[in-house]
Amino acid sequence: MYTFSSKLKIFSIVLIILGAIGVGIGFSTSHKSFEEVETLLAEESHHGGHGEADTHHAPAHDAHANDATHDDAHGEHHAEAEHGHVDEHTKHIEHVQHQIANRPWSALYVAAFFFMMIALGCLAFYAIQIASQAGWSPVLFRVMEAITAYLLPGAIIVLVIAAASHFIGHNNIFIWMDPEVVAHDKLIQGKSGWLNIWGFIIRGIIFIAGWSLYRHFARKFSIAQDTAEDKSNFKKSFRIAAGFLVFFIYTESMMSWDWIMSVDPHWFSTLFGWYVFASMFVSGITAIALVTLYLKSRGYLEFVNANHLHDVAKFMFAISIFWTYLWFSQFMLIWYSNIPEEVTYFISRFNDYQLPFLGMVVLNFVFPILMLMNADYKRMPWFVVMTGIVILFGHYIDIFNMIMPATVGDRWSIGIPEIGAILLFAGLFIYVVFTALTKAPLLAKGYPLIKESEEFHY
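Once you know that position 3 of the sequence shown is 3 in our numbering, the rest is easy, because the numbers rise by one and skip nothing.
Since the hints were made in silico from the structure, they are not lab data.
Incorrect hints may have been included.
[Stated by the list, open to error] Between beta-carbon pairs, the in silico distance windows are:
hint : residue 1 : residue 2 : range
1    : Val366    : Ile201    : 17 to 23 Å
2    : Ala224    : Ile369    : 38 to 44 Å
3    : Asn374    : Lys32     : 27 to 33 Å
4    : Ser45     : Ala209    : 39 to 45 Å
5    : Leu271    : Ala318    : 14 to 20 Å
6    : Glu454    : Val385    : 22 to 28 Å
7    : Lys32     : Trp382    : 44 to 50 Å
8    : Val246    : Val14     : 17 to 23 Å
9    : Ile201    : Ala224    : 17 to 23 Å
10   : Met332    : Asp87     : 21 to 27 Å
Small disclaimer: the values here were computed from a predicted structure and weren't measured.
We put the CB at the ideal spot given by N, CA and C, even for glycine.
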């Protein structure tokens, strides 16, 4: 049995406290007055920063002023133009004010979704191992079950943040939740049969209930099989794993439309569900590797050897390539077709998020390829840990790139709100996962393929 060390427990609690403080600071500093935002834009314009966009109206205004001095007949026209410029200027300031207010909500949502998707990706991987009756992986089942323990609280938190941004905030994440925006947007009106707040919440509850029910019964049958005299629990696990995978592939796609893609309600990609799946799948597998290696370093999991680590690292390598294939397919097809309503998604990210957008490809593809291509490197714990940390950071940036351009525009940075949210959910994730590890023996000794797994050699 694993014992949750007091040091790790204290560490996770400290992370939660520091994260909560950071999130609190983010929210407390995000409410800027109209005058404060106006001053900020003026300073940025003076220094050639974000505020340059606001100066685009100045030449037209000056031109009207010159015309008016030459011909009094244009005075009325000039007044109307000046009034229009003032309205445009006010709208721009209010827009930036809203973007600044969106930042802590978005930072919280990105971190919450990231840690939730690690648990969900791990659950899918676990179900695949059982449904395929894989012989190499059963020694890792209790690690997988512990990671998936975070799914229920993590998914509920994501749904609560999304709903709270509407009911408590000012529709800070999903613009389609704002009735005023929908009233003037025919495209969103056409999607309102799907994109409405109560449909969003009900679907979210169905997703979470289905995933959590599978996790509950899979864990129950796994523990029961340890002391069972027959294989009935194993057979039940196999049947529900096969059924869950069908449910998962549909609900994961719909979840990705609701929880991620709908932040840009004018844009869609038919590949998006698979793209999000690849990101969560490789993140879940990477978490399995990191938790396993941590437990090994503390003297647990003596039945896990370098051959098991090699296979987990192969999956990290393979799914990183799969993610890149989907990323490139989505990007290349949209870029090549150059349809305005599609390509605008990548233009905004390439213009305002060039470093995280291109850096993400390096972190999620180039780095894993170079680090894990060699078979010997896959068997070196410190090498796998280093690569795993980079992969997880890269996929956090991936989620960041999906959400932030739609909610904060070019007002992004990695600062206190983002770091605070990461610490908060990292602490909660560690606490939940390592508490779950204490609830059952680390070896699923009753699983029929456990001997094959213990004796597995590459």
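| request: Indicate whether the distance between the beta carbons of Met332 and Asp87 respects the range 21 to 27 Å. | output: 40 Å, violated
| task | Could you check the hint for me, namely that Ile201 and Ala224 are 17 to 23 Å apart, CB to CB? | result | 34 Å, violated
| task | Can you let me know if the beta-carbon spacing of Val366 and Ile201 is within 17 to 23 Å? | result | Roughly 40 Å apart at Cβ, these two residues miss the hinted range, so it is violated.
| said: A range of 39 to 45 Å was offered for this pair. Does it hold for the Cβ distance of Ser45 and Ala209? | reply: 50 Å, violated
| request: Using the Cβ atoms, figure out if Ala224 sits within 38 to 44 Å of Ile369. | output: Given range 38 to 44 Å: holds, Cβ gap about 42 Å.
| task | Look at the Cβ atoms of Leu271 and Ala318 and judge whether their distance stays inside 14 to 20 Å. | result | Since the Cβ atoms of Leu271 and Ala318 sit about 19 Å apart, the hinted range of 14 to 20 Å holds.
| Assessment of proposed distance window 27 to 33 Å (beta carbons of Asn374, Lys32) | 51 Å, violated
| request: With respect to the beta-carbon atoms only, verify the hint that Glu454 and Val385 lie 22 to 28 Å apart. | output: 23 Å, holds
| query | Between Val246 and Val14, does the beta-carbon spacing fit 17 to 23 Å? | reply | 42 Å, violated
| message | Is 44 to 50 Å respected by the C-beta to C-beta distance linking Lys32 and Trp382? | response | Given range 44 to 50 Å: holds, Cβ gap about 45 Å.
Comparing the model with each earlier hint shows violations of hints 1, 3, 4, 8, 9, 10; every other hint is respected.
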